[in-house]
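Undergrad: With the hints as a guide, bring the two chains together.
For the record, the sequence lines run as chains A and B.
Position 277 (the first sequence) corresponds to 258 in this note's numbering; numbering is contiguous.
Every number in this note's numbering is 13 more than the matching position in the second sequence, counting from 1.
Simulated from the structure, these hints should not be mistaken for lab results.
Be aware that a few hints might be false.
[As the list claims (entries may be wrong)] A partial selection of chain B residues facing chain A, derived with a Cβ cut-off under 7 Å:
| # | residue |
| --- | --- |
| 1 | 267 |
| 2 | 269 |
| 3 | 273 |
| 4 | 310 |
| 5 | 331 |
| 6 | 343 |
[To be verified] So the derived label-pair ranges between C-beta atoms look like this:
| # | chain 1 | residue 1 | chain 2 | residue 2 | range |
| --- | --- | --- | --- | --- | --- |
| 7 | B | 251 | A | 483 | 36 to 42 Å |
| 8 | B | 451 | A | 86 | 54 to 60 Å |
| 9 | B | 446 | A | 113 | 40 to 46 Å |
| 10 | A | 196 | B | 455 | 35 to 41 Å |
| 11 | A | 196 | B | 452 | 38 to 44 Å |
| 12 | A | 494 | B | 349 | 40 to 46 Å |
| 13 | A | 502 | B | 251 | 34 to 40 Å |
| 14 | A | 113 | B | 351 | 28 to 34 Å |
Bear in mind the structure is a predicted one, so any value in this text is a computation, not a measurement.
Ideal placement from N, C-alpha and C gives every residue a C-beta, glycine not left out.
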Amino acid sequence: MGGKSEPAKSESMATTTTSPDLINSSFFSFKSLKLKTKQQELLLRISILGLVYILAFIARLFSVLRYESMIHEFDPYFNYRTTLFLTEKGFYEFWNWFDSESWYPLGRIIGGTLYPGLMVTAALIYWALRFLRFFVHIREVCVLTAPFFASNTTLVAYFFGKEIWDTGAGLVAAVLIAICPGYISRSVAGSYDNEAVAIFALLLTFYLFVKAVNTGSLAWALASAFGYFYMVSAWGGYVFIINLVPLYVLVLLITGRYSMRLYIAYNCMYILGMLLAMQIRFVGFQHVQSGEHMGAMGVFLLMQVFYFLDWVKYQLNDTKLFQTFLRITVTSAIMVGGIALGLGTASGYISPWTGRFYSLLDPTYAKDHIPIIASVSEHQPTAWSSFMFDYHILLFLFPAGLYFCFKRLSDATIFIVMYGLTSLYFAGVMVRLILVATPAVCLISAIAVSATVKNLTSLLRTKQKVSQTGSTKGAGSSKASSKVTLDQSQPFQKNGAIALLVGVFYLLSRYAIHCTWVTSEAYSSPSIVLAARGAHGNRILFDDYREAYYWLRQNTPTDAKIMSWWDYGYQITAMGNRTVIVDNNTWNNTHIATVGRAMSSNEDEAYEIMRSLDVNYVLVVFGGVTGYSSDDINKFLWMVRIGGGVYPVIKEPEYLVNGEFRVDKGASPKMLNCLMYKLCYYRFGELTTEYGKPPGYDRARGVEIGNKDIKLEHLEEAYTTSNWIVRIYRVKPPTNRL
Amino acid sequence: MAARIGIFAVVVAVFLSIPAFSSAQDLQIVNAERRIDLSSHIVKDFLTLKVENIGISPAAEMLLAFSPTQIKNLAMVQALAITGKKKKKTYLPLDVKPAEQPDAPNDTGYYRVTFVSPLGPGETVSLEVLYILTNSLEPFPVEITQSESQLVYYHDSAVILSPYHVKQQTTFVKTPSTRVESFTSIEPANRAGKEIKYGPYENRASYSYAPVIIHFENNSPFAVVEELVREIEISHWGSLQITEHYRLTHGGARHKGVFSRVDYQSKRSVSGASSFNALLAVLPPRVNSVYYRDDIGNISTSHLRTGFRKSELEFEPRYPLFGGWRATFIIGYRVPLEDYLFEASDGRRYLNFTFGCPLVETIVNKLTIKVVLPEGSKDPYAILPFTVNQDLQVKYSYLDIVGRTVVVLQKDNVVPTHNVPFQVYYTFKPIYMLAEPFMLVSAFFFVFVASLAYVHIDLNIARK
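Excised from the complex, chain B in its bound form (with noise of 0.2 Å):
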């Protein structure tokens, strides 16, 4: 207990102000490996945890600390616990919620990551995390040319920034191709391929941080859809109409000097390495009516394929993307209603669509996604499993008198891991329905109607 306390006092003079977590240190990490995917431009950490609680009362939560520009750039965190041995593991997924720390020190963030059952005293539990981190990765040199190849920087820390003491660790540093320009080094660190090792570190203290930047070749395509919006628009006659509009830019080192045709086509290998010219779009089963057009009209380089599971949408823009180049797109599909929209037990009905971006390996910085319900629903409301600001709107589609109710999903920041099903629940009676047919066959009427009265009527002023 007293030791307990004398280690309190230590990080508190430490930190100056340390926050007044129950039971911080209550927890200690026995082993964690880190395991850190370069290979694109979306950067997946893979933790592996092993967490023993080392106090007297149950633990039901842990931490897990960020650092600021992290914290900034992190898209999604997600953890399962592993329990049973070897070869009959399963996983749970687990309770992750952003937490705020009152005096975290130095902007430090935080993830609260909530155990199945609280951990007892003196056991210990198996946690894989996997955190995504997008726009991490930062060009040098900023401009390049054509013929040259995209070097980026990552930043980060060698050993893992924890609130927690941590007993031995080591962090795996996996980077696309084997041309690394340069590592910071802290020993042990050594480089064989494509595999940078730090570690293993013995017993570092709670808030370790050990800086390293590691400069080498990424020409994986940058795809950033910088704003996406997406509309749903639900039809009870038999179909959802799905619009896209992207604003698609190659995030990575920008372009500099000539653009040169001769060499983009016959120099493949060595001249835009870090171009990109095609994207792929998973898109729903079934789907139909698919289009891919801008603002000045159709784009023609585009093939699609469709599949019992999936359909694929293999497109290019008008012109290859390189760095810092923009490109606006919209992609249109219809698919069958049967498969997307369902009726609860109470009566209510529910659309079940996926979120996210339907584009494969790209980051969106703001997704925007907008379900039209018919006109005359009642009372939405959206289910999802992570926040998201939601807005309601109305829009005028053909033949509408009072509008349709749009619900607004909002996010910053999604990334492929983000493409997990929502629901959007509302009330609608389906005389509504016969609204604008009857609309349509009333005004037909009235204009027979007016061409017999007129045809009848004698407007003549003067007597014949």
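Next up, chain A with everything else stripped away, as it sits in the complex (with noise of 0.2 Å):
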């Protein structure tokens, strides 16, 4: 599609510069219909931007059409659980809930420890749908919501894209970046996740403060100040802002260009966003309080010094005065400065940098320190491949829009360019932010495509008139030979240029088919369905996980207590509607490393824990059966590892042999006794799994386990799913002592 509304976009534009004649000649029948040009123009503009916003939406469809319109994923059912909340029982219920389900014993305060703006927005499209008589359920409004984003994001991308270049470059962006598949692998129906409306929320942002930079408006500042509140109210992604809009003013100031402009446009943005970001409880007092925002503080002071050595400069008219005047200004501010913010750290006013902000700065920091976050798979390194998978023709257009952008240096293509190279530099360290980088590099790619479309067609469209005149006058006319003598330099130019055009509408068209397969493979599974292909091509759904998230809701007390792998904490309040002991938000670190520990111990120490944890039910995930390789055998490692950095008793090497990690005969002692590998393998080794196999071979790790004959003391089999994938055990109450 995006090859199909390319030669649109390159119509529109060839039909601003024809001749008015011309339209005349064909359309003179519809005289009084016939547009002007601009209008042509406008029409066509809105046309091709309300097909890229449709094509935005449906493109994200996929998933619905492949499964089901359902929740994806993990953090999404919280979401979808709290945006339920919210429907059922108020604001002002939601913003005060007590989760007594999650993190048994301790709960959870829902309403200081969420970014709500992703809920409230579903929620205010649910009323207001309501109010106009659409009587929709809350699941569809939030299944789409993040396509209905992703829509309004192709606009903001356009705006943008006009705002820093031109509106061709407006309207490959929106092209781009409705189909990207960086942005669509956050943001298909279903993926109701805080990055759905946050990268909305940060273009927007971004767009608004640009045009208050360019425009020197107040009102500008002012609603890039409430893009900024709706950004901080919707992830914890604003950090992202609020470093980088300093840095760029920073950068301003330094290549010299400071302006009254910039001065009202960061002002107002930083006091007025910071003082609406403190409304979020979970964010609160951050913006003076932690090390993390105290950069923006540090350059708006900055501001003002420039402003009033600007005015000192003004007053003075003495070159020599004023450079010792800077000079001392200058260094008292910075050790001013300095000085407070030693203080701050140091009494304990201001925070430090937190793990996450290292280990975004530095890719290697998490594997050592904190194995918490190290042990998520999208906060792992990128990959080369993943980059080539979501950018696709990106990565190669991106250093030529920026040399277009160095090309015109203004502040907007400053600032784009500082977007994309620090955003880039992110998503290097963690795959997950790719999807920040996804806008920077659609926008600066635009950029290329939309210049070099541009210079292309301009020079095939003068050569045109030269070869038109040359035919219908001769070559007698001196202005048409005076072209072709300049032509002449360059003789291969039309063909080049013809040549040049095919191959960027073949790179784009390449770049639709790619966009459209991966959307289709790739990012359109809801991972709680999984699906496989049968042995005569037919399509075989795993639904395992939902069949045992309803047992548990059907089939257990209300009040019961199920431990599992943290992962799985979400889908079982949400699904199951069961109280779990860790959960998604990995928020006390010492309670997973509880669980962790309860699961790589063996079952008499194992059971001392869950009894202290009131745990009814252990739950596990097992893909020996059906050769679901993401299991919690292959968790494990993480577990011992969180367990351990908590409780030294957990020592990791003793559940390896050699350095490897293995489950068959050869398998440490510690490891073939320890909780998880008893529940994932009991009775396993009565079954056959695949022909020709012995019986109890693990077809996720192609081995035979090394230990058939589990026996449990202090747990029974609850429920096993119809694949195996999940397993319930019940916790048996303790037996009377005599």
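TA: Here's what the structure looks like:
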């Protein structure tokens, strides 16, 4: 589709410059309906934007067509559950919600530990639709929130592109971002996560800020403050804005681009944005107390110093005097700032940078210090292949776009260059931050495409004109001959331009094909339902997760406590409606480590831990029968590591044999007797999973298991799903002691 | 005459306070044969009675008596009169109504059967009575493990409870398998294969009662729908949307201890014999857009077979149901309007749809049918062959302003024999059908007018 709307765009540019006479001659019969060139261009632009808007929406509906209208993955289930609560109980109940169903026995203050932007947005859409007498289910609203906001993002991208380059670049940017896999991966229908609205908010804030810097208008600055507020309410990634914008301002100051426009834009945006952001309980006073936000404050103060100096310079009219004054002021300002920062940090008023922030700057930090961050697959450093997968041709267009940006340097292009470079660095650090870099990459690539196509078409058009005049009037005209002589210096210019244009369109169409393929094959799986191809090419669905969660919901006491690894916490509370010990909001490392310790201890020790946590059921995910590889046995080393990080009795080497993780006969005795191993492989030794293999053959790891005679003393099998993916065990009450 | 008064006096003496039925003892049952079918969890009793009027005045009706536990679980009573000889038998349905008898002995419950024509003195009539009992099999042991099979108790009387004298009677009890742990023996009684025979007993006085307990194996699926809400939404644009919310449970012996997937997979014959994981719903023909889901999404294990007479939806809950386990789910489908909505001669419209539950061999403890009439419908009323609670509600659906009238029909203890047609009459003006399209059109119209106005009106304060 990118390829499809591409010719339309070039057509629009062609029509803008076609002479009105041509239109007159071809549309003479519709004289009364005739549109002016400008109107035609507007009409084309609006219809292209409209098509892109719809395209961005429907491209994200693959998941609904392939599977069903459902919430995907892990975090979205929490968001869905809270949205449900919000729509049922109202905002105040939501804001003051203490959730006793998670983190038993600690509980969680939901209102104070979440970014409410997404839920409030979905609830507002839901209420608005109900007000308009569209009685949709809240689930449908949640499922379609992400595609809806992706569509809105394309509009913002258009305006952003228009602001930094021209309307052509804006249109290309809208098309590119509409189908870019890097963005689609997080915004397919059902991916009801903070990022779904946050990317829209991020780009909107940036656009409004750039607009404010370009115009110096207080209104745009105010709008960007509100955009920032929305971003803060929606996603923790707002830290990127509050660091990138000051950095950008700093760069402008250093490069001597300080202006009154910048002063107004930044001050208004920072102060109002900060005050508004403080209204979010989860963020609170971080803007004045946390180390991550201090840069913005420093730049704000620096800005005042600049303004003051400007004023002094204006008053003094003496260069030498001003130079000394400048030296004194700058030194003292830096000193005062440094002392204040030092005192604040020393007294503990200003908190130091958090581990998450460090791990962003230094890719190796998390691996050594915070295993719980490193254990998440989307926090791994990005492989080259995933850049190629998510960006495709944008990866090559990006440097070209940078070239064009540097060639036509302005306040706006400096911003997009900085946004692109910094976000690309972060994208390299963490897989999931590819998402943040995507808008920048799309915009810069759009500049490359637009500028190239524009140059090429203008080249073609001048040539055509020449050849036309040449054919009608012959070579007699002096004007034409002079042009011909000019063009003779580049003999194959026209052919070259045509070849290049064809090349560009070929690339763009490849991009469109790639995006469609990636969306339909890779990014539309809900990961709750697993699909596989059967022996006859038929589609087999493994719906074991929901089977297990629904079993929990219907057939266990309502106050049952479920222990599982934290990955499944949100899903159990949302779908199973039962209390969990730990969940995906990994706020308490010790609690998670306790669960990790229970899983890696032997049954007796684990029983003591489970008794102390009032656990009634234990849930494990096991892929040995189906060959599903992201199961608990493969995650087990992280449980050991996280458990061992808090409880030194758990030692990772004891679970390894010569540094190798094994589950077969050669596995370490500690491994063969730990709770996780027992629960996963209980009675698995009696089962023949694959023809021609011995019973107890683990298909996920391709080995025959080492301990086939597993006896459970304190637990009993309560339920195992039809494909064995989820196994639930009941913790027996203690036997009477005589 | 004197003898009759004498009998009357005896009855009074036995039961202290005998109801003063008119001509209660004018009837006697010459011959009674009862067949009790215990093969599923729905108990079906077939009674063949030969009734004789031994009084002097014609009798227009007779009473059927039920013990208090039976009357509580009684789902349905039907009676047929048999006329004609062997090969030319014709059956005439008779009117059966619950009857209140003041001072009924020991809380006995009654149903009154009205004959086609009053029975003259000395005449006899043959009747076929079918009554259906639910929740009458009591699991014992109450909890079983996965490998055990389910045993149940059935309580009844060896002789027929009747307000009349019964000259001769026999009772046959059919059990689902040959495994009968025990049964109360009241001579003459014997058991052969799947059948236990009580009787024949001669000359039993009215209100005779001989309690028996049969303890036997019954592994048929005890599928009990605790609550079923069926919503039938009529759209005059051409379809009927039906949404059914089920709360299903396994009503048999509760599952105890371990559920082992290995055993369930590999030793299916001895493991979880009383559990079930497949259900069958009989849906109307020409059904379309069928879905099967629950609170957390689609359930992908279902097959639909459509046919000319009926459609069959074969589906599985997310997990097999063992004793005491629950599952809730929703089935929805759409049928063409012309098959079910008709216009009466007086211009009213009426919906003709099937009552009851589409699931085969299932008891519904509480059934609610909501018929959502189109917006603007008036004067609704429902016609049913049996008594149900009726109520009116208002529901708001897409683009509704005043809301839709909902006829709510509610009945407890519903069995498959309740799947009979019922009608809901209402008046509706076709002009209301255009209200919603008109609203949409006008909304779009206003959007365009507003944008036109916005483009053409200059809102700037400052002069350009």
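Undergrad: If a hint holds in the structure, say so; if it does not, say that too.
TA: Results of checking the hints against the structure:
For residue 267 of chain B, the interface hint is violated, the least distance from its beta-carbon to any beta-carbon of chain A being 11 Å, above 7 Å. Look at residue 269 of chain B: its Cβ only gets to about 11 Å from chain A, farther than 7 Å, so that hint breaks. This hint holds: residue 273 of chain B has a C-beta 6 Å from the nearest C-beta of chain A, less than the 7 Å allowed. Taking 7 Å as the C-beta contact cut-off toward chain A, the hint placing residue 310 of chain B at the interface holds, the least distance being around 5 Å.
For residue 331 of chain B, the suggested interface contact is upheld, since its CB lies about 5 Å from the closest CB of chain A, less than 7 Å. Proximity of residue 343 of chain B to chain A is violated relative to the hint, the smallest CB-CB distance being about 12 Å (cut-off 7 Å). Under the hint 36 to 42 Å, the C-beta atoms of residue 251 of chain B and residue 483 of chain A, about 51 Å apart, miss the expected range. The hint said 54 to 60 Å for the Cβ distance between residue 451 of chain B and residue 86 of chain A, and at roughly 58 Å that hint holds.
The hinted range of 40 to 46 Å is not satisfied by residue 446 of chain B and residue 113 of chain A, whose Cβ atoms lie roughly 20 Å apart. Between residue 196 of chain A and residue 455 of chain B the beta carbons are some 39 Å apart, a value that agrees with the proposed interval 35 to 41 Å. For residue 196 of chain A paired with residue 452 of chain B, a C-beta distance near 42 Å keeps the hint of 38 to 44 Å intact. In this structure the supplied range 40 to 46 Å holds for residue 494 of chain A paired with residue 349 of chain B, their Cβ-Cβ distance being about 42 Å.
Taking the beta carbon of each, residue 502 of chain A and residue 251 of chain B are about 38 Å apart, inside 34 to 40 Å as hinted. Take residue 113 of chain A and residue 351 of chain B: their Cβ atoms lie about 32 Å apart, and the range 28 to 34 Å holds.
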